[in-house]
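Novice: One letter stands for each residue in the lines below.
Protein chains: 2
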Amino acid sequence: MLFLKKFEEKTIGTEHIFKGKVISLQVDEVVLPNGNHSKREIVKHPGAVAIIPITDHGTMILVEQYRKALERSIIEIPAGKLEQGEKPEMTALRELEEETGLGCKELTHITSFSTSPGFADEIIHIYSATGLYKIEESAPADDDEFVEMIDISVEEAEEMMADGRIYDAKTAFAVLWMKQYLKK
Amino acid sequence: MLFLKKFEEKTIGTEHIFKGKVISLQVDEVVLPNGNHSKREIVKHPGAVAIIPITDHGTMILVEQYRKALERSIIEIPAGKLEQGEKPEMTALRELEEETGLGCKELTHITSFSTSPGFADEIIHIYSATGLYKIEESAPADDDEFVEMIDISVEEAEEMMADGRIYDAKTAFAVLWMKQYLKK
Numbered sequence: 001m002l003f004l005k006k007f008e009e010k011t012i013g014t015e016h017i018f019k020g021k022v023i024s025l026q027v028d029e030v031v032l033p034n035g036n037h038s039k040r041e042i043v044k045h046p047g048a049v050a051i052i053p054i055t056d057h058g059t060m061i062l063v064e065q066y067r068k069a070l071e072r073s074i075i076e077i078p079a080g081k082l083e084q085g086e087k088p089e090m091t092a093l094r095e096l097e098e099e100t101g102l103g104c105k106e107l108t109h110i111t112s113f114s115t116s117p118g119f120a121d122e123i124i125h126i127y128s129a130t131g132l133y134k135i136e137e138s139a140p141a142d143d144d145e146f147v148e149m150i151d152i153s154v155e156e157a158e159e160m161m162a163d164g165r166i167y168d169a170k171t172a173f174a175v176l177w178m179k180q181y182l183k184k
Numbered sequence: 001m002l003f004l005k006k007f008e009e010k011t012i013g014t015e016h017i018f019k020g021k022v023i024s025l026q027v028d029e030v031v032l033p034n035g036n037h038s039k040r041e042i043v044k045h046p047g048a049v050a051i052i053p054i055t056d057h058g059t060m061i062l063v064e065q066y067r068k069a070l071e072r073s074i075i076e077i078p079a080g081k082l083e084q085g086e087k088p089e090m091t092a093l094r095e096l097e098e099e100t101g102l103g104c105k106e107l108t109h110i111t112s113f114s115t116s117p118g119f120a121d122e123i124i125h126i127y128s129a130t131g132l133y134k135i136e137e138s139a140p141a142d143d144d145e146f147v148e149m150i151d152i153s154v155e156e157a158e159e160m161m162a163d164g165r166i167y168d169a170k171t172a173f174a175v176l177w178m179k180q181y182l183k184k
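If you read the sequences in order, they're chains A and B. All the letters of the first sequence, read from the start, carry residue numbers 1 to 184 under the UniProt record's numbering. All the letters of the second sequence, read from the start, carry residue numbers 1 to 184 under the UniProt record's numbering.
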C-alpha cells in the first residue's frame, strides 16, 4: 500500500464531539500547506466489509434493507461493520451467514476503499464469495437488523441501478465488477 | 426512481448533536418492524458530485488531494459538495473548473448513489465530461483546498487501485466504468 503525503495537514488540536454505538465525531484544527489554519469535521467508523456472493449459475445474492439515513430501503450486497479485534475475513463470513444464511467455500479479497474521504475514515473491504452453500442452523442477524435476500442476474442488477432500487456505492461497484467477472 | 419502503423504521424522536460547516449529526429514536425501539446515528451531508473527465485520447484526469479523515492523500476523480440551491450539473462544471482548470463540451449523468447508507445521507451524483478544453482564467479552488491534477490511462488507474493510491469508492467505480466505456 502506497501512502501518499502530498499537501499534508498537521493536526494542532482535536475536539471530541460525540461517541455513539456506531460512529464518533471529532473536529480537528489543522495547519494547511500555505500555513493557514482550518477545521476538519471527521466521523470515525470501525470499518466494514461487503461481500459479492456469486452463485454457481452466475447470479448475485443481494439483500433488501431499510436505511434510516436515506428514509427508504435499498438493495445491496451483504455487508456489515467490523467488530473490535475481528479480522475482515471473519466479519465477511459472519455477515454472509447472518444476512443470507449462506456459507462459502472460497472468499477472495477484491479491493478496499474509503466510502466518504471528505468527512469519514470508514474503509470498506470488498470480497467475492463463491462455492455458496446453505447453512442449516445459521446465526441470526443483529436484533435491530431486518433483511430480505434476493437472487438476481447482473442484467437485473443493472436495471435496479437504473431505477434506483440499487443506490449505494459498494453495490454500484459490485455490479460493474460482476459484469467484468462474468466475461472472464 | 423507485423508493422501496420494506422494513420501514418510524422516527419517534430526534436529538440534534452537532451542526458544522460540512456535516451535521443527529440521533434518531426509531420503532423497528418488530415493535422494538432502537437508535440510529445519522450524519447529514448536503450531497456531492464527482466527474470522470475523459480526454480526446481516452485517458482520465484525476486529482491528488490530502484527506484529513484518512491522514493521507489519495488520487480521485474531481469532486465537490453541492452548494445550497445549486443544481448538481452546475456543481459538476464548477468543481471541474476549480480542480482542473478545464471546461467540457458535454456533461453526462452516469448514476447517483449513497456513499455510506449505514450512517450518512450523502448522495453523490457521477458525471462523465468529454470535449475537455483549458479555461484560460479558471476559477480558483476553495482557499482550504490544495489539489494536483494528473492525466492517466485506465491501465495506470488500475495499478493505482492495486497499490492503494486510488482508495475511494467513487474513483473505484469510475475506473471500472471507464474500462467499460472504452470498450464501446
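These are computed hints drawn from the structure, not numbers from a lab. No residue lacks a Cβ here, since even glycine has one placed at the ideal position from N, Cα and C. Please note: incorrect hints may appear among the correct ones.
[Claimed, not checked] Here are a few chain B residues that sit away from chain A, every Cβ distance over 12 Å (derived from the structure):
| hint | residue |
| --- | --- |
| 1 | Leu25 |
| 2 | Ile42 |
| 3 | Gly80 |
| 4 | Glu83 |
| 5 | Gly85 |
| 6 | Lys87 |
| 7 | Met90 |
| 8 | Gly101 |
| 9 | Thr108 |
| 10 | Thr111 |
| 11 | Ser112 |
| 12 | Glu122 |
| 13 | Gly131 |
[As the list claims (entries may be wrong)] Capping the alpha-carbon separation at 25 Å, the derived lysine-lysine pairs in PhoX-like fashion look like this:
| hint | chain 1 | residue 1 | chain 2 | residue 2 |
| --- | --- | --- | --- | --- |
| 14 | A | Lys81 | A | Lys19 |
| 15 | A | Lys81 | B | Lys87 |
| 16 | A | Lys10 | B | Lys68 |
| 17 | B | Lys179 | A | Lys184 |
| 18 | A | Lys44 | B | Lys68 |
| 19 | B | Lys105 | B | Lys179 |
| 20 | B | Lys44 | B | Lys19 |
| 21 | A | Lys21 | B | Lys21 |
| 22 | B | Lys179 | A | Lys44 |
| 23 | A | Lys44 | A | Lys10 |
| 24 | B | Lys5 | B | Lys19 |
| 25 | A | Lys10 | B | Lys183 |
| 26 | B | Lys184 | A | Lys183 |
| 27 | A | Lys19 | B | Lys19 |
| 28 | A | Lys19 | B | Lys105 |
| 29 | A | Lys21 | B | Lys183 |
| 30 | B | Lys10 | A | Lys21 |
| 31 | B | Lys6 | A | Lys21 |
| 32 | B | Lys44 | B | Lys105 |
| 33 | B | Lys19 | A | Lys183 |
| 34 | B | Lys179 | A | Lys81 |
| 35 | B | Lys39 | A | Lys39 |
| 36 | B | Lys184 | A | Lys179 |
| 37 | B | Lys183 | A | Lys81 |
| 38 | B | Lys6 | A | Lys184 |
| 39 | A | Lys81 | A | Lys44 |
| 40 | B | Lys68 | B | Lys105 |
Novice: Would you mind marking each hint as holding or not holding in the structure?
Specialist: Against the structure, the hints:
1. Under the 12 Å C-beta cut-off, the non-interface status given to leucine 25 of chain B relative to chain A is violated; the minimum distance is some 5 Å.
2. Here isoleucine 42 of chain B does not stay apart from chain A, with its beta-carbon only about 5 Å from theirs, under the 12 Å limit.
3. Separation of glycine 80 of chain B from chain A is inadequate, the least Cβ-Cβ distance of about 9 Å not exceeding the 12 Å criterion.
4. Distance check for glutamate 83 of chain B against chain A: the nearest CB is about 14 Å away, which clears 12 Å, and the non-interface claim stands.
5. With a minimum CB-CB distance of about 20 Å to chain A, glycine 85 of chain B clears the 12 Å threshold, and the non-interface call stands.
6. At roughly 19 Å, the least C-beta separation between lysine 87 of chain B and chain A is larger than 12 Å, which holds for a residue marked as non-interface.
7. Non-interface call for methionine 90 of chain B relative to chain A: holds, since the shortest CB-CB distance, roughly 19 Å, exceeds 12 Å.
8. Consistency note on glycine 101 of chain B: stated as away from chain A, and its beta-carbon is indeed over 12 Å from all of that chain's, at 17 Å minimum.
9. Here threonine 108 of chain B stays apart from chain A, with its beta-carbon at least about 14 Å from theirs, past the 12 Å limit.
10. With a least CB separation of 6 Å from chain A, threonine 111 of chain B falls inside the 12 Å interface cut-off, contrary to its annotation.
11. At roughly 8 Å from the closest C-beta of chain A, the C-beta of serine 112 of chain B falls inside 12 Å, breaking its exclusion from the interface.
12. With a cut of 12 Å on Cβ distances, glutamate 122 of chain B falls inside the contact zone with chain A, its closest approach being about 6 Å.
13. Against the 12 Å criterion, glycine 131 of chain B stays outside the reach of chain A, whose nearest CB is about 24 Å from its own CB.
14. In summary, the hint linking lysine 81 of chain A to lysine 19 of chain A is supported, as the alpha carbons are separated by about 16 Å, within the 25 Å threshold.
15. Restraint check for lysine 81 of chain A and lysine 87 of chain B: not satisfied, since their Cα atoms lie roughly 34 Å apart, outside the 25 Å limit.
16. Under the criterion of a C-alpha separation no larger than 25 Å, the hint pairing lysine 10 of chain A with lysine 68 of chain B is consistent with the structure, at around 9 Å.
17. Restraint check: the Cα-Cα separation between lysine 179 of chain B and lysine 184 of chain A comes to about 14 Å, which is no more than 25 Å; the hinted pair holds.
18. This hinted pair checks out: lysine 44 of chain A and lysine 68 of chain B have alpha carbons roughly 12 Å apart, not beyond 25 Å.
19. A distance of roughly 22 Å separates the Cα atoms of lysine 105 of chain B and lysine 179 of chain B; the hinted pair therefore holds under the 25 Å criterion.
20. Of the supplied pair hints, the one linking lysine 44 of chain B and lysine 19 of chain B holds, its CA atoms being roughly 9 Å apart against a limit of 25 Å.
21. Restraint check for lysine 21 of chain A and lysine 21 of chain B: satisfied, since their Cα atoms lie roughly 24 Å apart, inside the 25 Å limit.
22. With a CA separation close to 33 Å, the supplied pair lysine 179 of chain B and lysine 44 of chain A exceeds the 25 Å bound.
23. With a CA separation close to 18 Å, the supplied pair lysine 44 of chain A and lysine 10 of chain A stays within the 25 Å bound.
24. For the suggested pair lysine 5 of chain B and lysine 19 of chain B, the alpha carbons sit about 28 Å apart, so the restraint of at most 25 Å is broken.
25. Between lysine 10 of chain A and lysine 183 of chain B the CA atoms are separated by roughly 43 Å; this puts the pair beyond 25 Å, and the hint is violated.
26. Distance hint between lysine 184 of chain B and lysine 183 of chain A is fulfilled; the C-alpha atoms sit about 15 Å from each other, no more than 25 Å.
27. Between lysine 19 of chain A and lysine 19 of chain B, the direct Cα distance comes to roughly 15 Å. Compliance with the 25 Å bound is thereby established for this hinted pair.
28. As the CA atoms of lysine 19 of chain A and lysine 105 of chain B are separated by approximately 46 Å, the hinted pair breaks the 25 Å bound.
29. Between lysine 21 of chain A and lysine 183 of chain B the CA atoms are separated by roughly 45 Å; this puts the pair beyond 25 Å, and the hint is violated.
30. Taking the CA atoms of lysine 10 of chain B and lysine 21 of chain A, the gap is near 19 Å; set against the 25 Å cutoff, the hint holds.
31. Only pairs whose Cα atoms come within 25 Å are accepted, and lysine 6 of chain B paired with lysine 21 of chain A is accepted, the gap being roughly 24 Å.
32. Between lysine 44 of chain B and lysine 105 of chain B, the direct Cα distance comes to roughly 33 Å. Violation of the 25 Å bound is thereby established for this hinted pair.
33. For the proposed pair lysine 19 of chain B and lysine 183 of chain A, the alpha carbon gap of about 47 Å is over 25 Å, so the pair is violated.
34. Proximity of lysine 179 of chain B to lysine 81 of chain A is assessed by CA-CA distance (about 30 Å); at most 25 Å being required, the pair is judged violated.
35. Between lysine 39 of chain B and lysine 39 of chain A, the direct Cα distance comes to roughly 28 Å. Violation of the 25 Å bound is thereby established for this hinted pair.
36. At most 25 Å may separate the alpha-carbon atoms for a hinted pair to count; lysine 184 of chain B and lysine 179 of chain A meet this at roughly 14 Å.
37. Between lysine 183 of chain B and lysine 81 of chain A the CA atoms are separated by roughly 36 Å; this puts the pair beyond 25 Å, and the hint is violated.
38. A distance of roughly 35 Å separates the Cα atoms of lysine 6 of chain B and lysine 184 of chain A; the hinted pair therefore is violated under the 25 Å criterion.
39. Of the pairs offered as hints, the one joining lysine 81 of chain A and lysine 44 of chain A holds, with about 12 Å between alpha carbons and a cut-off of 25 Å not exceeded.
40. Distance hint between lysine 68 of chain B and lysine 105 of chain B is unfulfilled; the C-alpha atoms sit about 33 Å from each other, more than 25 Å.
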